[in-house]
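Protein chains: 2
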Amino acid sequence: MSFIERIQQAVPEGLGVCVGLDPIVERMPPCFKTASEPLYSFNAAIIEATFEAAVAYKPNLAFYERYGASGWEQLAKTVKAVPEGKIVILDCKRGDIGSTSATYAEAMFHQLGADAVTVSPYLGSDSLSPFLEETEKGAFVLALTSNPGGAEVQELKADGMPVYLHIIDLCRRLNKNRNVGLVVGATRPEHWPRVLEAAGDLPLLIPGVGAQGGDPVALRRLLQGYPAPAFVNSSRAIIFASRGDDFADAARIAAFKLKEELVG
Amino acid sequence: MSFIERIQQAVPEGLGVCVGLDPIVERMPPCFKTASEPLYSFNAAIIEATFEAAVAYKPNLAFYERYGASGWEQLAKTVKAVPEGKIVILDCKRGDIGSTSATYAEAMFHQLGADAVTVSPYLGSDSLSPFLEETEKGAFVLALTSNPGGAEVQELKADGMPVYLHIIDLCRRLNKNRNVGLVVGATRPEHWPRVLEAAGDLPLLIPGVGAQGGDPVALRRLLQGYPAPAFVNSSRAIIFASRGDDFADAARIAAFKLKEELVG
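Chains as they are written, first to last, in this note's numbering: chain F, 9 to 272; chain U, 9 to 272.
Bound conformation, chain F alone:
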């Protein structure tokens, strides 16, 4: 099945909850601190608790790399633990010269088994294309990120147009296999009208709700009628909703609450 068909099927309401799997052992309930594979065990419990509310899972690789080879192993097991039909987006923000990007694509899509990745556009089209060659895999390109510093680069104006709109144009040109998406932060709503106008029908991955402060209800209004699937990610506000033994229940409640705010 092609990437666009898979995500359309995964997100029938057009807008869905993505759970950011960014595990930090120090913030987990005490029982995980002595586990042999704390990242994986914690993630497995979070996936089990949230899969009825979520359409996608997004592990950020930093939180696994911190634990070296063991972290990588636990990431691979986490990807396998995601139920069929849900989308696994590896948030790796890679991007390198063409031959190296091709090697990263192999690592993410085949060694780890991701459905999609996030990629950074600073090296231009030949750094992005290797992630787009397989029609059943996709890439979300950083356009407008959720952090304050993003503006320093992304809002520079070139030919009267901010850099992020140049990136969106580039993404549309690269979208021959209908497997290019955009990362657009929920924390910068003043840019959304221009983003949505430029984005055409590119799928969206939206970080920044939850701990970062983006408003899901405002997002819902903005995205009414948008013609492609949008994944709204929340990490800390779901996975660390409680640090006690009720963490799984709390995660489930937080994920359903976000779903309710997004699709009612």
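For the record, the hints were derived by calculation from the structure and aren't laboratory data. Where hints are given, some of them may not hold.
All copies of an identical chain are treated as equivalent in the list; a pair is satisfied when it fits inside any one copy or across any two copies.
[As the list claims (entries may be wrong)] Derived pair list, reagent style SDA-like, types lysine to any residue, alpha-carbon separation capped at 20 Å:
id, residue 1, residue 2
1, K265, A245
2, K88, S78
3, K165, L178
4, K88, D223
5, K184, R228
6, K88, A77
Assemble chain U onto chain F, guided by the hints.
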């Protein structure tokens, strides 16, 4: 010892050879294809053969991630195999929101033991700062990359100035600990005069000689009198100089030839 002191000591001539450790099992001599840790064994042989010519080693993480947890393990062993006094630059091109960049910095500097990393600037200063907090560690920020697509983003003109010069300005502002460097590709010599004028005294990491076609002799002329250390990287042209049993000798010869071209 501070980062700037360490690299000044490592590169007494001002300009030095960096060997890119980007191992590909399929391109190694046959004896490695059945080794239990081919990446590490091959790298150890390359380091042993080249350390008298080289001042730094630069593993690109894609080539290890392709092999999963085992690749990560072999990368950690590779870092440990680099002799004291040589600089290990992990070419990871990371860059994320602040809290995540801090986690990447921990992975690269402490889990893997790098002296320096490469980072991608698309997310702005708060994505870069976490890599610059420790005075004995450094980060080379992508400014002007060696691939053809780089121009699509890096040469966009904002306020009459290409994006890469905005990035260089940002790097100079972030250089409080004297541990910020720039990645500037050898393949785009027409931009070098402007880069060097803007760069002040930031150290340079220069990819693109060797297989990518950049000219080391031209580089040498351009960098005459430049006040900070410059690492000139070659990967494939050194490590795969021969694919036969003489690969180590061939690598040694290629590394010394590059050194000769750079510092005579």
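Against the structure, the hints come out as follows:
1. K265 to A245: Only inside one copy: K265 and A245 sit 11 Å apart there, 55 Å across copies, limit 20 Å.
2. K88 to S78: Both: 16 Å inside a copy, 18 Å across copies.
3. K165 to L178: Result: close both inside a copy and across copies, 16 Å intra and 16 Å inter.
4. K88 to D223: neither (31 Å within a copy, 46 Å between copies)
5. K184 to R228: Intra 28 Å, inter 42 Å, cutoff 20 Å: neither.
6. K88 to A77: both (17 Å within a copy, 15 Å between copies)
In summary, the structure is inconsistent with hints 4, 5 from the numbered list given earlier, while agreeing with the others.
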